[in-house]
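S.K.: These protein sequence lines are chains A and B, in that order. Position 80, counted from 1, in the first sequence is what our numbering calls 80; the numbers after and before it change by one each time, with no gaps. Position 123, counted from 1, in the second sequence is what our numbering calls 123; the numbers after and before it change by one each time, with no gaps.
Calculated from the structure, these hints are not laboratory results. Do not rely on the hints blindly, as some may be mistaken.
Stated by the list, open to error - In silico SDA-like pairs for lysine to any residue, Cα to Cα no more than 20 Å straight-line: (1) A:K109 x A:T172; (2) B:K155 x A:C99; (3) B:K494 x B:V478; (4) B:K194 x B:N535; (5) A:K18 x B:F113; (6) B:K494 x B:K20; (7) B:K115 x A:I19; (8) A:K18 x B:K115; (9) A:K109 x A:L204; (10) A:K18 x B:R187; (11) A:K116 x B:D422; (12) B:K16 x B:T513; (13) B:K115 x A:Y12; (14) B:K57 x B:R454; (15) B:K115 x A:L129; (16) A:K45 x B:P245; (17) A:K45 x B:A317.
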Amino acid sequence: MEETAHTEHVHYDAEASKIGMWLFIFTELLLFGGLFIIYSVYRFKNPEAFHLAATELNTTIGALNTVLLLISSMTIAMSTTTLQLKKKGATLGLLVITCVIGVVFLVNKYFEWGVKFDHGIWPGSEHLLNDFSQGEILFFGLYFVMTGLHALHIIIGLIIIVVAVWRVQKGTIHENRPSLLENAGLYWHLVDLIWIFLFPLFYLIT
Amino acid sequence: MQTGHSANEANYLTYKGKYKGLLGWIFSTDHKRIGLLYLYSIMTMFSVGVLLGLAMKFELLAPGKTIMAAQTYNAAFTVHGVIMIFMVVIPGLPAVFGNIMLPIMIGAKDVAFPKLNLLSWWLYVLGVMLVLSALLFGNGAPDTGWTFYAPYSFKSGTNLLPAVFGAFVLGFSSILTGLNFLVTIHRLRCPGMKWTKLPLFVWTLYGTAWIQLLATPVIGITLVLVALERVFGIGVFDPALGGDPVLYQHLFWIYSHPAVYVMILPAMGAISEIIPTFSQKQIFGYKAIIASTMAIAFVGYLVWGHHMFTAGMSGTAQYYFSLLTFIVAIPSAIKVFNWISTMYKGSINVQTPLYWAASFIFVFLIGGLSGLVLGALATDIYVHDTAFVVAHFHYIVFGGTGFAFFAAMHYWFPKIYGRMYDKGWANTGWLVFFIGFLALYTPMFYLGMMGMPRRYYDYLDEFHGGNILSTFGSWIMVTGLIIIITNLVRSARKGEPTGMNPWHSKTLEWTVTSPPPVENFDELPIIGKDDGPYNYK
Numbered sequence: 001m002e003e004t005a006h007t008e009h010v011h012y013d014a015e016a017s018k019i020g021m022w023l024f025i026f027t028e029l030l031l032f033g034g035l036f037i038i039y040s041v042y043r044f045k046n047p048e049a050f051h052l053a054a055t056e057l058n059t060t061i062g063a064l065n066t067v068l069l070l071i072s073s074m075t076i077a078m079s080t081t082t083l084q085l086k087k088k089g090a091t092l093g094l095l096v097i098t099c100v101i102g103v104v105f106l107v108n109k110y111f112e113w114g115v116k117f118d119h120g121i122w123p124g125s126e127h128l129l130n131d132f133s134q135g136e137i138l139f140f141g142l143y144f145v146m147t148g149l150h151a152l153h154i155i156i157g158l159i160i161i162v163v164a165v166w167r168v169q170k171g172t173i174h175e176n177r178p179s180l181l182e183n184a185g186l187y188w189h190l191v192d193l194i195w196i197f198l199f200p201l202f203y204l205i206t
Numbered sequence: 001m002q003t004g005h006s007a008n009e010a011n012y013l014t015y016k017g018k019y020k021g022l023l024g025w026i027f028s029t030d031h032k033r034i035g036l037l038y039l040y041s042i043m044t045m046f047s048v049g050v051l052l053g054l055a056m057k058f059e060l061l062a063p064g065k066t067i068m069a070a071q072t073y074n075a076a077f078t079v080h081g082v083i084m085i086f087m088v089v090i091p092g093l094p095a096v097f098g099n100i101m102l103p104i105m106i107g108a109k110d111v112a113f114p115k116l117n118l119l120s121w122w123l124y125v126l127g128v129m130l131v132l133s134a135l136l137f138g139n140g141a142p143d144t145g146w147t148f149y150a151p152y153s154f155k156s157g158t159n160l161l162p163a164v165f166g167a168f169v170l171g172f173s174s175i176l177t178g179l180n181f182l183v184t185i186h187r188l189r190c191p192g193m194k195w196t197k198l199p200l201f202v203w204t205l206y207g208t209a210w211i212q213l214l215a216t217p218v219i220g221i222t223l224v225l226v227a228l229e230r231v232f233g234i235g236v237f238d239p240a241l242g243g244d245p246v247l248y249q250h251l252f253w254i255y256s257h258p259a260v261y262v263m264i265l266p267a268m269g270a271i272s273e274i275i276p277t278f279s280q281k282q283i284f285g286y287k288a289i290i291a292s293t294m295a296i297a298f299v300g301y302l303v304w305g306h307h308m309f310t311a312g313m314s315g316t317a318q319y320y321f322s323l324l325t326f327i328v329a330i331p332s333a334i335k336v337f338n339w340i341s342t343m344y345k346g347s348i349n350v351q352t353p354l355y356w357a358a359s360f361i362f363v364f365l366i367g368g369l370s371g372l373v374l375g376a377l378a379t380d381i382y383v384h385d386t387a388f389v390v391a392h393f394h395y396i397v398f399g400g401t402g403f404a405f406f407a408a409m410h411y412w413f414p415k416i417y418g419r420m421y422d423k424g425w426a427n428t429g430w431l432v433f434f435i436g437f438l439a440l441y442t443p444m445f446y447l448g449m450m451g452m453p454r455r456y457y458d459y460l461d462e463f464h465g466g467n468i469l470s471t472f473g474s475w476i477m478v479t480g481l482i483i484i485i486t487n488l489v490r491s492a493r494k495g496e497p498t499g500m501n502p503w504h505s506k507t508l509e510w511t512v513t514s515p516p517p518v519e520n521f522d523e524l525p526i527i528g529k530d531d532g533p534y535n536y537k
């Protein structure tokens with residue numbers, strides 16, 4: 001353990017904000033962890049119903065969204081590198097690309113959910129309650145909750161990135177004070193990572 | 001951010017910042033001011049909780065309806081539980097004394113993220129408002145018990161949504177406090193403050209912070225699911241749709257059992273500061289206390305199933321949870337031995353905080369041992385859901401955390417306000433409170449063993465005697481509380497000014513003036529090789 005003397009009144013501790021962000025990421029993982037536990041329990045109890053219900057989902061859109069998020073993770077990682085290299089323009093450009101990809105992800109999600117709604121499938125809908133088995137009801141319940149909560153995280157991530165864009169533009173994020181951008185990147189990777197688990201669990205295991 | 005170079009002309013209570021008056025408090029990022037904000041808001045909610053408890057005890061004065069009928073009684077114990085658990089004992093010691101003392105004890109000027117610290121208080125207030133709004137609007141106060149058990153939590157017609165959401169927000173506030181403390185302890189220790197030189201209160205806050213951080217999100221998502229279940233009917237906890245209510249109980253207790261250690265660990269930490277100070281002696285087994293703190297924090301995660309022995313679980317799981325429950329008792333017992341051994345051959349200075357600490361050990365011992373009765377499978381079947389359980393957890397949560405809270409209050413009071421309370425009244429208050437506490441909860445052990453179920457507004461005639469004693473006890477206890485709080489409130493303004501270190505303690509917070517200056521230290525202290533938090537001669 002290293003000892004650090006803090007003699008300045010207004011101190012900037014990049015290490016502290018990094019630790020703080022990682023701790024926050026732990027809490028996010030546990031938040032989704034609760035949902036993953038519930039998913040595993042019900043999948044174990046209703047293997048066939050989960051299999052049937054999964055075939056209703058559109059694997060193509062799911063795969064497309066996966067690729068999109070992976071690319072956006074790459075662009076935001078690149079933006080932290082360009083910040084270190086003092087290329088402000090490139091940093092801003094990469095962040096804007098990340099944002100655009102995030103929005104495209106949400107648009108895809110919107111259409112995906114829209115199709116389900118058109119088919120009369122939403123939590124508590126009559127069609128779902130009357131014509132589906134209990135296992136399928138649970139599958140769709142979890143599908144909407146987990147992808148919905150994930151979409152909420154995408155939106156929060158986008159807001160953070162927009163703040164980062166603004167701060168880079170203003171000059172309060174720069175190569176010597178990269179914490180906010182780095183933390184935005186960490187958060188975005190987390191959101192990406194959760195999707196990497198959601199995608200096979202809902203779309204691929206049929 | 002403070003900008004002054006030497007801000008030490010005024011102490012933290014009197015300095016003028018950017019805002020004046022009340023705004024200077026509710027927008028202050030000073031950890032000590034935030035700690036006091038927590039103290040006042042928690043004491044306000046504590047008073048509400050006490051009044052509800054008093055009303056429930058009055059209802060139980062005689063069989064049949066005394067002052068309220070079943071539905072009101074159900075709402076009373078629900079709101080009492082939600083307030084006391086989520087708003088009082090969970091934030092209690094960490095958010096009040098942790099906030100005020102932690103940075104000073106490790107030789108720092110503030111916590112790592114002062115603005116986040118203020119945000120967590122604001123979230124606390126928001127959570128409180130949400131829960132209270134459930135009482136004022138909608139179809140009556142929640143009546144599920146503080147545990148929000150499925151499926152009743154989404155079938156009940158009462159106004160549960162704001163209460164559930166409020167508990168979620170309070171959890172978020174607790175997470176942020178934990179996160180802040182973890183980073184603070186890792187990054188802001190002053191030069192020479194090695195891990196083995198940290199005061200034990202700091203160590204217990206460290207263990208607590210990990211629990212707050214890693215357990216709270218689970219109840220967060222569980223409460224979100226209950227809310228979604230209520231609004232949309234997603235099915236995950238609804239047996240009619242294939243969901244499993246027992247799964248709810250698992251998820252709930254995966255958080256709520258570790259939360260018990262969020263309540264008790266900092267309490268143990270405060271006691272570990274008080275006992276060596278008033279024995280003027282090195283704490284016995286410093287490292288053993290640290291190890292047992294971390295052991296409790298870890299094993300505490302693995303025992304949640306003992307809340308569900310009768311809810312339907314396999315025999316193997318029951319053995320496992322029962323065994324681990326017994327194991328978690330070991331580190332708690334280690335601490336009790338350490339405290340007693342510290343006092344042995346010490347120069348005991350009998351003061352109010354020591355009375356509280358000693359009575360803490362007494363009630364904690366009874367609470368802990370009765371917990372083993374509940375952790376053993378056979379006896380649990382017999383006494384589960386009886387008044388015995390209520391007696392047990394009030395002995396631990398109120399007797400443990402509550403007594404330690406008042407111990408800490410009387411210990412750090414001269415530091416926080418720079419004034420001493422009237423010791424005579426403080427001791428009287430403690431004695432009345434202690435007698436009332438014993439009279440209130442001890443009969444409930446007996447009533448529970450005789451078979452009186454909990455959570456009913458009514459009971460059979462044969463339980464009348466014990467209940468009368470218990471209700472009388474509640475009046476005595478509240479009398480004690482009034483004496484204690486009146487004395488403290490009065491002394492905060494009019495008490496005798498006290499010096500830097502009235503108790504001759506060795507930890508860092510006693511090396512700064514009372515009340516502490518705005519940024520605690522002009523120059524950061526340096527801990528030498530031979531210094532230590534308990535180096536008494």
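S.K.: Take the C-alpha atoms of K494 of chain B and V478 of chain B, compute the straight-line distance between them, and say whether it is at most 20 Å.
M.R.: violated, 24 Å
S.K.: For a C-alpha distance cap of 20 Å, please report whether K116 of chain A and D422 of chain B respect it.
M.R.: Violated, at about 70 Å.
S.K.: Would the pair K494 of chain B and K20 of chain B pass a check requiring their Cα atoms to be no farther apart than 20 Å?
M.R.: Not satisfied, since the Cα-Cα distance of roughly 23 Å exceeds 20 Å.
S.K.: Taken at face value, is the distance from the CA of R187 of chain B to the CA of K18 of chain A at most 20 Å?
M.R.: Cα-Cα ~11 Å, so holds.
S.K.: Verify the proposed pairing of K45 of chain A with P245 of chain B, using a straight-line Cα cut of 20 Å.
M.R.: holds, 14 Å
S.K.: Can you confirm whether the C-alpha distance between K194 of chain B and N535 of chain B stays at or below 20 Å?
M.R.: At roughly 15 Å apart (the allowed maximum being 20 Å), N535 of chain B and K194 of chain B satisfy the hint.
S.K.: Hinted pair, alpha-carbon criterion (20 Å max): K16 of chain B, T513 of chain B. Please report holds or violated.
M.R.: Distance of about 18 Å is within 20 Å: holds.
S.K.: Measure nothing beyond the straight line between the CA atoms of K109 of chain A and L204 of chain A; if it is 20 Å or shorter, mark the hint as holding.
M.R.: holds, 17 Å
S.K.: Is the hinted pair K18 of chain A and F113 of chain B satisfied, with a Cα-Cα distance of at most 20 Å?
M.R.: holds, 12 Å
S.K.: Could you grab the alpha-carbon distance between K155 of chain B and C99 of chain A and see if it respects the 20 Å cut-off?
M.R.: violated, 41 Å
S.K.: Take a quick look at whether K45 of chain A and A317 of chain B sit within 20 Å of each other, Cα to Cα.
M.R.: This hinted pair holds, its Cα atoms lying about 18 Å apart.
S.K.: Decide if the proposed pair is consistent with the structure: K109 of chain A and T172 of chain A, CA atoms, cutoff 20 Å inclusive.
M.R.: Outside the cut-off at roughly 34 Å; violated.
Checked against the numbered hints given earlier, the structure breaks hints 1, 2, 3, 6, 11 and 15 and satisfies all the rest.
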